[in-house]
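Those protein sequences? They're chains G and D, same order as listed.
Residue 715 in the numbering used here sits at position 715 of the first sequence, and the numbers go up by one each step.
Residue 214 in the numbering used here sits at position 214 of the second sequence, and the numbers go up by one each step.
Relax, there's no trap hidden among the hints.
With the C-beta cut set under 8 Å, the calculated list includes, among others, these residues of chain D facing chain G:
id	residue
1	R80
2	F97
3	T108
4	I113
It is worth saying that the hints were derived from the structure and are not from the lab.
The beta-carbon is built from N, C-alpha and C at its ideal position, and this holds for glycine as well.
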Amino acid sequence: MISLSWRRIRNQKSKSAMTIISITAIILLTSFGIQISNETKLIVSHNLENYSRGSYDILVRPEGARTNIEKKLKTVEENYIGDGSGGISILEWERIKEHPEIEIAAPVASLGYFTSNTASIRLPAFDSPVKFEYEFFTSDGINKYPVTPSHGVYYLQFINNQNLYAIDTYPDISKDHNPFDSGLDISFPQSYNLLTAIDAESESLLTGIDFSELFRELTEEEKKTIETFSQFRGNAPVVPILQRNNFQVPLSLQVTVKKLDLSLDDLYKRYGIPSNESIIYEVQFFDDQKRKEFENDLTELQTLNQNTYNIDLTNYQSPFDAQHLSLDQDFNLKRIGQNEGGTLYNDSGKYFTASKIDYSFKDNKMYVNLVEDGPPPAYKEVKEAGNSYLNNWEAPFMIWQMGKFTAEAIDSSLTSSPLGIYSTNKVKTLDDTNITPTITPGSFIAAPTAGMTTLEAASLIKGDHPIDAIRIKLNNITAYDEEAQKRIEALATELSNEGYVVDIVAGSSFKNVNMFVEGIGEVTSPWTTLGVSQLLSNAWNLDTTLSIRLFILFGVFWFFSHLSFERNRLDAENEILTFLGWQKRSIRVKNMTEQLILVFISSLFSAVLALILRLSSLAFIVIGCFMLISIFLIAIVFYVNPRQSTRSTRYRFFASIQHYKSLLIPTMLVLLLAVCISQLQISSIYELWTKSSETTLGIFILHEGLSIRFLIVIATILLSVSVLVEAIGGILFARREEFKMYHVIGWTEKMIRIQFLKEVAIWATLSLVSGIIVSTIISIMLDTSLVGVAIGIATSSIIYLLIVFTTVTFRKYR
Amino acid sequence: MLKVNNINKNVLNNSRSFLFQDVCLSVYPGEWISIIGPSGTGKTTLLNCIAGIYTVDGGSIELDGVPIHQLTERHRSDIRRLQIGFVFQDFKLLPYFSILENVILPLTKDKKIDQLKQKAELLLDQVGITKNYFHRLPSSLSGGEKQRVAIARALINDPKLIICDEPTGNLDNENKKQVLHILTTLKKKGHSIIVVTHDDEVANEGDKIYELKNYSLKVVESKL
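Okay, chain G solo, but in the shape it has when bound (with noise of 0.2 Å):
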């Protein structure tokens, strides 16, 4: 019998062949699907377990914390808990920490920017009198903007232990012309520095920074100067900071040096200076009309050359310990120390704080507009507060640099940990130009804090209620799992019920944003959505699960649609047999047999080709079940004869839809399943691909299972042709007496043709449209937009498509 039914196969060997490699397609593509469905989703469970919980699980803010453009977007923007106004009181923080559920509880306060102190920059005393013409620039990293007017600096000449007398004529020369100070130290333009308030331990166990400089014991000198300068400020209270290392916000100086043609011994008799002294020291001396005079002589001076220098001290800032510079005489520049000269201004009681950015929208679009032109250009509102001592001489506080802390790669790539604070992440316009903060508070870009304090002194500054925000991380969850899930819901209805507004933070990622921007133009930029990971996560599980479970069961429907063909083939063989005293039980026996080697081979070949694709051992246990599905299916085709049609007087005009209705429901299920497995595929790869890629979490897991969801569809659609090669060949094969006798009573092939088209019109039609209906349906229960399902619609037409090509492209019509 095997032997028989071998032969049979072996005989017919394109056909034999076309088996093996579709069900060999199904039982590899089943494998590789659930592994590469198991896989991803132990990827992305990792992932997410590991790194998605981040630094801090619920973000705690007062009431109308929340911002209009938060509501809306569901996002928040970088650096977001900057430009706070507070609203949580120390002890408040205190009672949340205690709480039996949290494991830290970091407070953040932002206090303002702070313009804290001012160093200079030594310009190079060159030999023969010059002119510095300079000007300090800001940039957004599209424009660049001036930050002080151009500065004229005289210098003459080089006495020796004299100082280095220069002359600045910017607004004019002043009265108060000290020429004692060195006028070739030039100041740095005043900085606006975000300083924030914290919990040294908290933060440090939040973010695993180091915090403890701000506890140092101060040094017998630092003592000493505190006292001093204290003495000048009213006594004020010393708020303790720390200074962010690598703080970098564009600013250059651009110095052009005019080398005059001047004598200055003419300079001396023609103002009667004695010649041993410096002309500039003397200046001081000069009524208003001599010095008005002196002053017009320098500016009609005939320049003999010049050349202008462009230095960038973007890497030489330091907000609060102020370190000065100087440029030799080819403008290179170096760091000096504090007793090397210099002029250090501090007026560290004047701070500013500034509102948060107003968004706007119109026809769908964000826009941020000006608050105030510039140069620099402002985006939000800046209020001056505190007190500066030049004033009165008495200030709220003091500032004192306790030391330095770097903070660098606290943000992951997949996840976002939105600590609110420290973010450098790249805003970028559409030619993929980084746009940077400027040194003002309302600079577009929250820049990140420049400086920590303690919360005392945010009490100081900031009032009774300083905290802004407080980060809460769970203790004992070591991953973020579902029990994980559940403990941080729990713990943040709770707090939600104190009237805190409260997000959960954990599972956040990052998400492009595209707003257009007044003076830079469209830009993009990475807010945070609050808890995306867990959706995409259930929404990836769920469409992953739905795609291999249709594939499943595709594969079966395929599989007993190939075999109620293959019986309807055989019928006629049956008969010879029948004829030639062969049992209906053998010729059953024989007919199974061979589609039992059929299923063999290919299991075989799927085995073979599992272990040279180095599948998991779950394809074997899926080669397994297929086998046992096969045999059950061959038993229920082989042994359950189907009822003999009977002719309707219903069906006049396609009463063979109705006659060979055994063969075709089963190629309508195919193509129902195929349809529904290609729409809902490329409905749901398209829904990925927009909403995932908003995310870099979503990305990821999109990139994770892209392959095999469009490895379904093709294998989907190249079996659906080869279901529908045989569904046709199968009919036409089954009606070739019928479509003789049309030939012998004088109809054309093309009429043949025609009329058999028109009939596989109307039952692809209605597989193709209940196929559409049914996974319409499933795509509105799984949340895909319309154009989502629109594609998916006209990806499925494909099919369609291809069954009028095959069946006008078919021969055999006679």
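Since the structure of chain G is provided, determine the placement of chain D on it from the hints.
Chain D in isolation, oriented as in the chain G frame:
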């Protein structure tokens, strides 16, 4: 050898409508019976009833004393496979098997393939099919050759009774003569033959000629 007594066959399970009624027929060893009659009178159905493919709705059929009409389908198949040979108008060769495989097909379950092959080669040789055709598919043969292969297949089980349904219906004159010659030889060797035909020349080869007409079978000519 074959005794058919008063058999009836209804049309499609309709007990009120007969295809034929009270049909009687006896066939002895080495006897050729020709059955003629208009189309649609049930000649092929009568053959199928005799072969045990169809059951009868009345009467009895005995082959060598075995009541075929009382046997189960399985036993009817056994008798058909082991004692009866079939030759059809459209040859009914399986297109996927070689000529040799087609010939041995009836007994592949009962005997060793090698033994059958030897016998099949002999039979094919007897009906005039040359050896180089043995492993070809039926599609490579002419109509006459196909029918000769079908006769070889009918002989593989050394049948007592050979049933032929329009065996020359699809053949040209020359091939018809060859087939008739083979059948005549078989008759001489002692095989009983029942032939349903529309062809007078074929019918006249019979020792008795029956006509199935108006639901009944009647002898129209007897040479015995």
